[in-house]
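Letter by letter, the chains look like this.
Number of protein chains: 2
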Amino acid sequence: MTDSKTRAAGKRERLIGAAALLLHKQGVEATTLADIAKAADVALGNVYYYFKTKDDIVAAVIEEHVRELHQTLAAIESRCTAPGDRLKGLLQALATQGELVARYGCPHGTLCQELAKRDGDLSASAIMTIPVDWAEKQFAAMGRADARDLAIDMIAGYQGTALLTNTLRAPHLMERECARISAWIDSL
Amino acid sequence: MTDSKTRAAGKRERLIGAAALLLHKQGVEATTLADIAKAADVALGNVYYYFKTKDDIVAAVIEEHVRELHQTLAAIESRCTAPGDRLKGLLQALATQGELVARYGCPHGTLCQELAKRDGDLSASAIMTIPVDWAEKQFAAMGRADARDLAIDMIAGYQGTALLTNTLRAPHLMERECARISAWIDSL
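Protein chains in written order, with this note's numbering: chain C, 29 to 216; chain W, 29 to 216.
These aren't lab readings, by the way, just hints derived from the structure by calculation. There's no promise every hint is true.
For chains that are exact copies, the list does not tell them apart, and a pair is met inside one copy or across any two.
[Said to hold, decoys possible] DSS-like, lysine-lysine: derived pairs with alpha carbons at most 30 Å apart:
(1) 165 x 53
(2) 82 x 165
(3) 80 x 165
(4) 66 x 165
(5) 53 x 39
(6) 165 x 39
(7) 82 x 39
(8) 53 x 80
(9) 66 x 39
(10) 80 x 39
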């Protein structure tokens, strides 16, 4: 890769990274392209070279969340063999996020919820279907015929706790709920 | 009450009602005072007589949600005597909201989540603490020492399902989850 291409890739990645943080901290609606340019230390005029509109950069943030989700789940799969251990591995990863969630909510859940209120083609639903589908696969591997329902219950339990953790500014809720869901998985 | 006072009360109520609908449909950030004035059929110049800023009207919407919540819970208490029946009464009321939640999310949860991302004094956390405290009281009346945790689990289960119902546009999830939580209450 030439130097100018490296710099270009660096700028695009910086913009997506800055946008992901700002969407999490202040939401899609309250974030402007100018905010993102400033946070990424990229001249606003330059942003348009990579992204024509705010929606284009939001779509890139969703893609990045999807990429990271696949990576996280693949890492859990290679670390744990038993499906129950894989599910608990995901919960362990989520349990560590209490402080961040108490401040800004779940980065996935809040983005999905905000975009669901908007008209238009932009949807973050993949960010929810990926963990639900993955959890369903694990419950099915545990021999559960109601694997889909259990997967929905598990992800809903996590997302609802994230909402309460955020609204009540109570980081400890996240750890307790993840421990509760883990105990529930052991009891199945 | 004089005629002019009746008209004034009517306008204020209309503004709050229109604001509550718009905040639910499109969110706080995307809603302007002009949108609210138009939806309430009140001249924009007139709105300032009742509310100086958008935050003032958002605060009035939160107060209205709190008032309605107390009313709903009081109605359930007078209809049902046993604490388990009261909890299931709340779930029955929530289960009927599937279609609306699939379109716009839970009016309470999405408002809490959006306001939690903002700096400033405006918080909708009362909208969450009221049902959690109420559910805790019912679980305690059932003799449960872990009443607080159970109340958090129940409201988190509902809120997380509302988020998935909304993101996946799947109204049936709401009814299934409310039935699941009701069965869980019976099993306690």
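Here is what the structure says about each hint:
{"no.": "1", "hint": "165 x 53", "verdict": "neither (32 Å within a copy, 34 Å between copies)"}
{"no.": "2", "hint": "82 x 165", "verdict": "neither (35 Å within a copy, 46 Å between copies)"}
{"no.": "3", "hint": "80 x 165", "verdict": "neither (38 Å within a copy, 53 Å between copies)"}
{"no.": "4", "hint": "66 x 165", "verdict": "neither (42 Å within a copy, 49 Å between copies)"}
{"no.": "5", "hint": "53 x 39", "verdict": "within (21 Å within a copy, 36 Å between copies)"}
{"no.": "6", "hint": "165 x 39", "verdict": "neither (37 Å within a copy, 54 Å between copies)"}
{"no.": "7", "hint": "82 x 39", "verdict": "within (16 Å within a copy, 37 Å between copies)"}
{"no.": "8", "hint": "53 x 80", "verdict": "both (23 Å within a copy, 27 Å between copies)"}
{"no.": "9", "hint": "66 x 39", "verdict": "within (12 Å within a copy, 43 Å between copies)"}
{"no.": "10", "hint": "80 x 39", "verdict": "within (15 Å within a copy, 42 Å between copies)"}
Of the hints listed earlier, those the structure fails to meet are numbers 1, 2, 3, 4 and 6, in rising order.
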